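2 protein chains.
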Amino acid sequence: MSTLFVRTLRDDPNDAEVPSHRLLVRAGYIRRAAPGIYSWLPLGLRVLRKIEAIIREEMDDMGAQELSFPALLPKEPYDATNRWTDYGPNIFRLQDRKGGDYLLGPTHEEMFTLVVKDLYSSYKDLPLSIYQIQNKYRDEARPRAGLLRGREFVMKDSYSFDIDDAGLAASYQLHRDAYIRIFDRLGFEYVIVKATSGAMGGSASEEFLAKAEVGEDTYVRCTHCDYAANVEAVTVRAPEAIAYDDAPAAHAEDTPGTPTIDTLVDHLNATYPRDDRPWAAGDTLKNVLVVLKHPDGTREPLAIGVPGDREVDQKRLEGQLEPIEVEAMDEAEFAKHPALVKGYIGPGALGEESTSGIRFLVDPRIVEGTRWVTGANVHGSHVIDMVVGRDFTPDGTIEAADVRDGDTCPNCLEGSLESARGIEMGHIFQLGRSYAQALGLQVLDENGKLVTVTMGSYGIGPSRAVAAIAEGTLDDIGLCWPRNVAPADVHVVAAGKDDAIFEFAESLVADLSEQGIEVLYDDRRGKVSPGVKFKDAELIGVPTIVTVGRGLADGTIEVRDRRTDERQEVAVGDAAAHIVSAVRG
Amino acid sequence: MSTLFVRTLRDDPNDAEVPSHRLLVRAGYIRRAAPGIYSWLPLGLRVLRKIEAIIREEMDDMGAQELSFPALLPKEPYDATNRWTDYGPNIFRLQDRKGGDYLLGPTHEEMFTLVVKDLYSSYKDLPLSIYQIQNKYRDEARPRAGLLRGREFVMKDSYSFDIDDAGLAASYQLHRDAYIRIFDRLGFEYVIVKATSGAMGGSASEEFLAKAEVGEDTYVRCTHCDYAANVEAVTVRAPEAIAYDDAPAAHAEDTPGTPTIDTLVDHLNATYPRDDRPWAAGDTLKNVLVVLKHPDGTREPLAIGVPGDREVDQKRLEGQLEPIEVEAMDEAEFAKHPALVKGYIGPGALGEESTSGIRFLVDPRIVEGTRWVTGANVHGSHVIDMVVGRDFTPDGTIEAADVRDGDTCPNCLEGSLESARGIEMGHIFQLGRSYAQALGLQVLDENGKLVTVTMGSYGIGPSRAVAAIAEGTLDDIGLCWPRNVAPADVHVVAAGKDDAIFEFAESLVADLSEQGIEVLYDDRRGKVSPGVKFKDAELIGVPTIVTVGRGLADGTIEVRDRRTDERQEVAVGDAAAHIVSAVRG
Numbered sequence: 006m007s008t009l010f011v012r013t014l015r016d017d018p019n020d021a022e023v024p025s026h027r028l029l030v031r032a033g034y035i036r037r038a039a040p041g042i043y044s045w046l047p048l049g050l051r052v053l054r055k056i057e058a059i060i061r062e063e064m065d066d067m068g069a070q071e072l073s074f075p076a077l078l079p080k081e082p083y084d085a086t087n088r089w090t091d092y093g094p095n096i097f098r099l100q101d102r103k104g105g106d107y108l109l110g111p112t113h114e115e116m117f118t119l120v121v122k123d124l125y126s127s128y129k130d131l132p133l134s135i136y137q138i139q140n141k142y143r144d145e146a147r148p149r150a151g152l153l154r155g156r157e158f159v160m161k162d163s164y165s166f167d168i169d170d171a172g173l174a175a176s177y178q179l180h181r182d183a184y185i186r187i188f189d190r191l192g193f194e195y196v197i198v199k200a201t202s203g204a205m206g207g208s209a210s211e212e213f214l215a216k217a218e219v220g221e222d223t224y225v226r227c228t229h230c231d232y233a234a235n236v237e238a239v240t241v242r243a244p245e246a247i248a249y250d251d252a253p254a255a256h257a258e259d260t261p262g263t264p265t266i267d268t269l270v271d272h273l274n275a276t277y278p279r280d281d282r283p284w285a286a287g288d289t290l291k292n293v294l295v296v297l298k299h300p301d302g303t304r305e306p307l308a309i310g311v312p313g314d315r316e317v318d319q320k321r322l323e324g325q326l327e328p329i330e331v332e333a334m335d336e337a338e339f340a341k342h343p344a345l346v347k348g349y350i351g352p353g354a355l356g357e358e359s360t361s362g363i364r365f366l367v368d369p370r371i372v373e374g375t376r377w378v379t380g381a382n383v384h385g386s387h388v389i390d391m392v393v394g395r396d397f398t399p400d401g402t403i404e405a406a407d408v409r410d411g412d413t414c415p416n417c418l419e420g421s422l423e424s425a426r427g428i429e430m431g432h433i434f435q436l437g438r439s440y441a442q443a444l445g446l447q448v449l450d451e452n453g454k455l456v457t458v459t460m461g462s463y464g465i466g467p468s469r470a471v472a473a474i475a476e477g478t479l480d481d482i483g484l485c486w487p488r489n490v491a492p493a494d495v496h497v498v499a500a501g502k503d504d505a506i507f508e509f510a511e512s513l514v515a516d517l518s519e520q521g522i523e524v525l526y527d528d529r530r531g532k533v534s535p536g537v538k539f540k541d542a543e544l545i546g547v548p549t550i551v552t553v554g555r556g557l558a559d560g561t562i563e564v565r566d567r568r569t570d571e572r573q574e575v576a577v578g579d580a581a582a583h584i585v586s587a588v589r590g
Numbered sequence: 006m007s008t009l010f011v012r013t014l015r016d017d018p019n020d021a022e023v024p025s026h027r028l029l030v031r032a033g034y035i036r037r038a039a040p041g042i043y044s045w046l047p048l049g050l051r052v053l054r055k056i057e058a059i060i061r062e063e064m065d066d067m068g069a070q071e072l073s074f075p076a077l078l079p080k081e082p083y084d085a086t087n088r089w090t091d092y093g094p095n096i097f098r099l100q101d102r103k104g105g106d107y108l109l110g111p112t113h114e115e116m117f118t119l120v121v122k123d124l125y126s127s128y129k130d131l132p133l134s135i136y137q138i139q140n141k142y143r144d145e146a147r148p149r150a151g152l153l154r155g156r157e158f159v160m161k162d163s164y165s166f167d168i169d170d171a172g173l174a175a176s177y178q179l180h181r182d183a184y185i186r187i188f189d190r191l192g193f194e195y196v197i198v199k200a201t202s203g204a205m206g207g208s209a210s211e212e213f214l215a216k217a218e219v220g221e222d223t224y225v226r227c228t229h230c231d232y233a234a235n236v237e238a239v240t241v242r243a244p245e246a247i248a249y250d251d252a253p254a255a256h257a258e259d260t261p262g263t264p265t266i267d268t269l270v271d272h273l274n275a276t277y278p279r280d281d282r283p284w285a286a287g288d289t290l291k292n293v294l295v296v297l298k299h300p301d302g303t304r305e306p307l308a309i310g311v312p313g314d315r316e317v318d319q320k321r322l323e324g325q326l327e328p329i330e331v332e333a334m335d336e337a338e339f340a341k342h343p344a345l346v347k348g349y350i351g352p353g354a355l356g357e358e359s360t361s362g363i364r365f366l367v368d369p370r371i372v373e374g375t376r377w378v379t380g381a382n383v384h385g386s387h388v389i390d391m392v393v394g395r396d397f398t399p400d401g402t403i404e405a406a407d408v409r410d411g412d413t414c415p416n417c418l419e420g421s422l423e424s425a426r427g428i429e430m431g432h433i434f435q436l437g438r439s440y441a442q443a444l445g446l447q448v449l450d451e452n453g454k455l456v457t458v459t460m461g462s463y464g465i466g467p468s469r470a471v472a473a474i475a476e477g478t479l480d481d482i483g484l485c486w487p488r489n490v491a492p493a494d495v496h497v498v499a500a501g502k503d504d505a506i507f508e509f510a511e512s513l514v515a516d517l518s519e520q521g522i523e524v525l526y527d528d529r530r531g532k533v534s535p536g537v538k539f540k541d542a543e544l545i546g547v548p549t550i551v552t553v554g555r556g557l558a559d560g561t562i563e564v565r566d567r568r569t570d571e572r573q574e575v576a577v578g579d580a581a582a583h584i585v586s587a588v589r590g
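Residue numbers (the numbering used here), protein chains in the order written: chain X, 6 to 590; chain F, 6 to 590.
In case anyone wonders, no lab produced these hints; they're calculated from the structure. Just so you know, not all the hints are guaranteed correct.
[Claimed, not checked] Once the Cα atoms are required to be at most 25 Å apart in a straight line, the calculated DSS-like pairs of lysine-lysine come out as:
#1 F:K129 to X:K540
#2 F:K129 to X:K129
#3 X:K532 to F:K454
#4 F:K454 to X:K129
#5 X:K80 to F:K103
#6 X:K454 to F:K298
#7 X:K298 to F:K454
#8 F:K320 to X:K103
#9 X:K540 to F:K122
#10 X:K532 to F:K532
#11 F:K122 to X:K122
#12 X:K502 to F:K129
#13 X:K122 to F:K454
#14 X:K103 to F:K502
#15 X:K103 to F:K129
No experiment lies behind these values; they were computed from the predicted model shown.
Full structure from sequences and hints, please.
This is how it looks when you write it as structure tokens:
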């Protein structure tokens with residue numbers, strides 16, 4: 006500690022939003038270089054390297070091979086897959102001195118696809134899994150929470166290449182198993198959830214989330230079955246169509262002063278009361294207008310119909326439409342569509358075939374035969390008993406309505422959903438053939454016929470993992486690392502002024518080091534009090550803290566478990582053996 | 006080999022200029038992603054990682070601490086040191102989505118200085134050596150020779166921080182010793198030479214060059230003493246001033262048709278013969294006009310006087326003037342200076358005090374009292390017996406004249422210089438206080454006074470080392486790695502079709518692997534002939550090649566040294582032990 010390049014801080018950094026960020030800066034693990042861009046100090050780099058080493062071991066064990074692509078990449082391959090455009094402002098672009106276009110790689114699907122195309126030509130070469138651990142770049146609109154959402158970050162990205170879907174499923178399973186081993190070894194609580202597939206299509210996709218209140222991802226789990234999914238990936242089970250032969254004809258009614266669902270429901274119950282049960286928000290059809298911003302800059306209006314008791318969830322909506330971004334339709338844009346009557350918009354004015362021509366997508370619950378109260382496209386008027394399939398037909402469905410605690414599980418239809426928050430730490434993904442098609446990756450099959458290869462894509466963020474593990478394990482007094490990723494095994498504190506204390510501490514450190522134990526030794530003399538040393542040790546968060554102090558006169562030292570705070574007096578003669586067994590479990 | 010992600014190529018790649026580049030591509034170590042930007046395939050990555058590991062071990066052993074800075078850096082620190090401007094077109098610049106200016110780090114002096122300023126405040130904290138191994142970026146005008154001059158490359162850069170010059174000298178020596186250990190372990194021929202100090206001043210500076218004909222650097226060694234220097238760093242020993250009381254007055258003579266040194270010398274010998282010895286090129290003073298391009302875009306004319314038997318060496322000139330670039334003065338620029346008469350330019354028209362106002366610097370050999378024949382600034386006329394200090398006084402001296410084999414050694418003044426070419430693999434450098442001053446890095450000294458810290462800067466390029474080592478060790482049939490950096494210890498070739506061959510080879514591979522030997526095993530069956538396997542093994546260049554083939558029937562295998570081609574028949578029972586001892590020496 007007297008020579009280690011570290012200084013702990015008493016005060017929280019101004020820009021730290023979450024506990025892990027505060028503590029990683031205070032304990033001297035990282036420093037901010039620019040928004041979303043961090044420098045790794047020696048302690049932080051050790052944790053990062055340990056995480057990388059665990060990932061590397063498990064990837065190698067499953068037969069994946071490591072290689073390394075540049076971070077600075079030419080535009081052309083990303084043009085071929087359209088991602089140069091699709092990423093919009095989310096990637097860093099630059100030109101070289103000759104005006105050539107380059108980007109800083111956000112992920113490397115293109116480069117991996119091309120290198121396999123370069124080297125391989127036959128089904129006999131497959132399956133193949135290759136990976137790299139490398140800096141990646143995204144120009145996030147809102148970098149946040151320290152390492153949790155950075156603009157330069159470390160990624161392990163791997164890709165599998167198979168001749169057919171069965172092969173892809175097998176490669177996916179191999180990766181899934183390896184990821185489970187990795188996350189188990191990292192030593193923190195995580196959950197595997199269904200995920201959406203992102204920009205380039207594809208089929209099965211799962212995320213590994215660290216459970217964390219500060220997480221940006223919300224996921225749901227079923228109370229009854231083992232269903233778990235990122236809310237963006239929750240698929241509403243559409244009910245069966247309902248017969249509507251007996252349904253009364255749709256009838257427009259005056260509903261003055263009811264531009265919101267609440268005012269409408271109140272008005273309905275006051276003016277048109279029903280016998281069986283009162284009108285509720287869920288009886289109404291809410292039509293929300295948004296504007297889609299395509300990556301090429303074009304803008305497109307879209308109407309989304311959801312039951313009146315639901316909101317449109319922007320993240321779920323964007324999850325469906327990626328890489329398109331979505332924003333609310335503003336007054337100026339609204340004014341361009343005279344068919345739309347604010348507060349009283351109804352299906353009559355919506356749809357590609359309607360006067361407005363605005364595409365109209367609805368929640369999957371809005372199936373044929375269901376009846377709704379909805380806007381009449383006349384100020385102060387709604388239509389009652391509008392029946393889907395009889396009175397209007399939407400252009401399609403979309404998963405945009407919010408998911409709520411208590412919603413029926415779409416898997417078992419018995420349990421209900423409960424939500425929690427998490428940090429995305431891994432994502433595995435059956436990518437399919439889109440990249441191979443775009444870049445012409447084909448191999449000869451057994452019959453000498455060219456077939457397009459199918460791919461999987463698998464990512465873990467080691468730098469984000471540093472923060473997520475810190476976040477998931479820290480306590481009131483500091484960081485509290487799981488053993489496998491801690492910057493050292495043992496933190497030895499020489500607490501006192503006597504030479505005897507330092508002499509014994511040094512011999513203990515030498516002894517432990519010889520046995521392969523990584524020791525952080527607080528050898529500071531002079532003005533640094535034992536209290537300051539203990540506070541530093543607690544902040545830094547090495548799992549075992551050994552104090553060589555006053556007890557030495559009685560022939561004992563203290564061995565403390567940083568997490569449980571359990572403390573044991575150990576005779577100096579047994580010290581090394583005791584510590585080694587504490588470390589090795 | 007049946008599953009390794011590698012394919013060897015029979016043909017040389019089109020864009021490969023040097024043997025190492027050709028072979029690294031053909032043997033499946035690297036692939037080009039863009040000009041000067043390469044992807045590392047598994048074999049190449051292994052060599053790179055081994056080099057990095059050796060560097061890391063030696064840096065850690067000397068007490069340097071590893072950290073890691075971003076590659077994507079904000080402009081501000083580089084503005085403070087002026088390098089944002091000084092680098093001119095040689096760095097990659099970009100803007101983020103908010104218009105903030107960033108660069109891809111070419112070296113990290115600024116970031117290291119700032120992090121020490123952030124953490125440290127007292128002389129007690131020093132000395133400190135910190136380092137990183139990381140991707141760096143330079144937008145080279147002419148990337149060439151594969152990994153030898155890339156635009157994205159790996160660098161180990163370290164920096165030392167000391168309170169005073171003695172401390173810096175000690176830190177420099179520690180690094181120098183560590184570098185010697187590193188380069189010894191890498192296992193190839195290198196030489197340590199004096200070097201120039203680059204953009205930001207500084208004092209002592211040495212380079213570690215790999216001896217290589219394809220190298221971009223030319224260095225000289227003395228035949229007599231241990232002097233060795235990059236030609237850019239050779240300092241001519243200025244002779245003593247000569248008394249000129251007896252010198253005849255300068256006299257202009259007609260020398261029609263003598264715009265070149267050769268025509269002038271012929272004319273002098275024909276028209277003004279001397280008694281003691283004939284006129285030679287070395288008696289004339291050649292005045293060369295160039296234009297300096299400052300990083301901020303301004304242009305400045307400069308006149309350089311060298312003895313007529315020497316040329317102005319652009320690299321030596323630029324080495325003195327860095328970051329200024331130099332180009333020849335073109336006709337248009339020349340025409341702006343009416344005082345200059347092409348082919349007959351003399352000191353009378355040069356110098357800051359002259360009519361032209363052009364700064365006039367001369368070779369250090371042109372000392373006071375020396376006599377020269379030089380242009381009279383009149384067409385067809387030269388002045389003879391122009392004496393320095395009497396007839397003209399230059400504005401200063403500059404090391405711009407070329408260095409030649411046979412030149413007197415400037416160190417011992419006895420031996421002569423011999424030149425050779427090399428590849429710069431390491432550079433150690435007493436940087437001094439310029440960065441600390443620019444960025445305000447001060448600490449309190451023993452008396453509580455703020456003093457500016459002095460720094461050293463030390464770099465090795467691991468990615469360039471891969472190519473330089475390949476270049477220095479390859480032979481006619483392929484790569485030929487030194488043991489410490491080879492992608493494997495042993496290449497086992499199963500040569501034949503019998504199951505017995507594969508069975509024994511597999512058991513041998515398992516046996517060797519268990520003993521910690523890294524084996525590349527050519528297990529390919531089917532159409533791959535033994536000849537193809539041998540060619541691949543020779544190309545890939547693992548130091549020991551073991552053939553399990555026809556000899557197996559007689560109970561022997563062949564162990565071959567890739568470098569010496571020495572082959573030994575070894576009894577199968579002794580095979581593993583024999584190979585282990587061959588590997589471990």
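Against the structure, the hints:
Note on K129 of chain F and K540 of chain X: the hinted pairing holds, with a Cα-Cα distance of about 22 Å set against a maximum of 25 Å. In summary, the hint linking K129 of chain F to K129 of chain X is not supported, as the alpha carbons are separated by about 63 Å, beyond the 25 Å threshold. Distance hint between K532 of chain X and K454 of chain F is fulfilled; the C-alpha atoms sit about 20 Å from each other, no more than 25 Å. Restraint check: the Cα-Cα separation between K454 of chain F and K129 of chain X comes to about 72 Å, which exceeds 25 Å; the hinted pair is violated.
Distance check on the hinted pair: K80 of chain X and K103 of chain F sit about 21 Å apart at the alpha-carbon level, within 25 Å; holds. Note on K454 of chain X and K298 of chain F: the hinted pairing is violated, with a Cα-Cα distance of about 60 Å set against a maximum of 25 Å. Annotation: proposed proximity of K298 of chain X to K454 of chain F is violated, straight-line Cα distance about 60 Å (limit 25 Å). The hinted pair formed by K320 of chain F and K103 of chain X meets the criterion: a straight-line CA distance of about 23 Å does not exceed 25 Å.
As the CA atoms of K540 of chain X and K122 of chain F are separated by approximately 24 Å, the hinted pair is consistent with the 25 Å bound. Our distance criterion of 25 Å between C-alpha atoms is broken by K532 of chain X and K532 of chain F, whose separation comes to about 74 Å. For the hint linking K122 of chain F to K122 of chain X, the alpha-carbon distance of about 49 Å lies beyond 25 Å, and the restraint is violated. Using a Cα cut-off of 25 Å, the hinted pair K502 of chain X and K129 of chain F holds, with the two alpha carbons roughly 19 Å apart.
A C-alpha spacing of about 64 Å is found between K122 of chain X and K454 of chain F, which places the hinted pair above 25 Å, so the restraint is violated. Simply put, K103 of chain X and K502 of chain F have alpha-carbon atoms about 54 Å apart, too far for the 25 Å limit, and the pair is violated. Of the supplied pair hints, the one linking K103 of chain X and K129 of chain F is violated, its CA atoms being roughly 49 Å apart against a limit of 25 Å.
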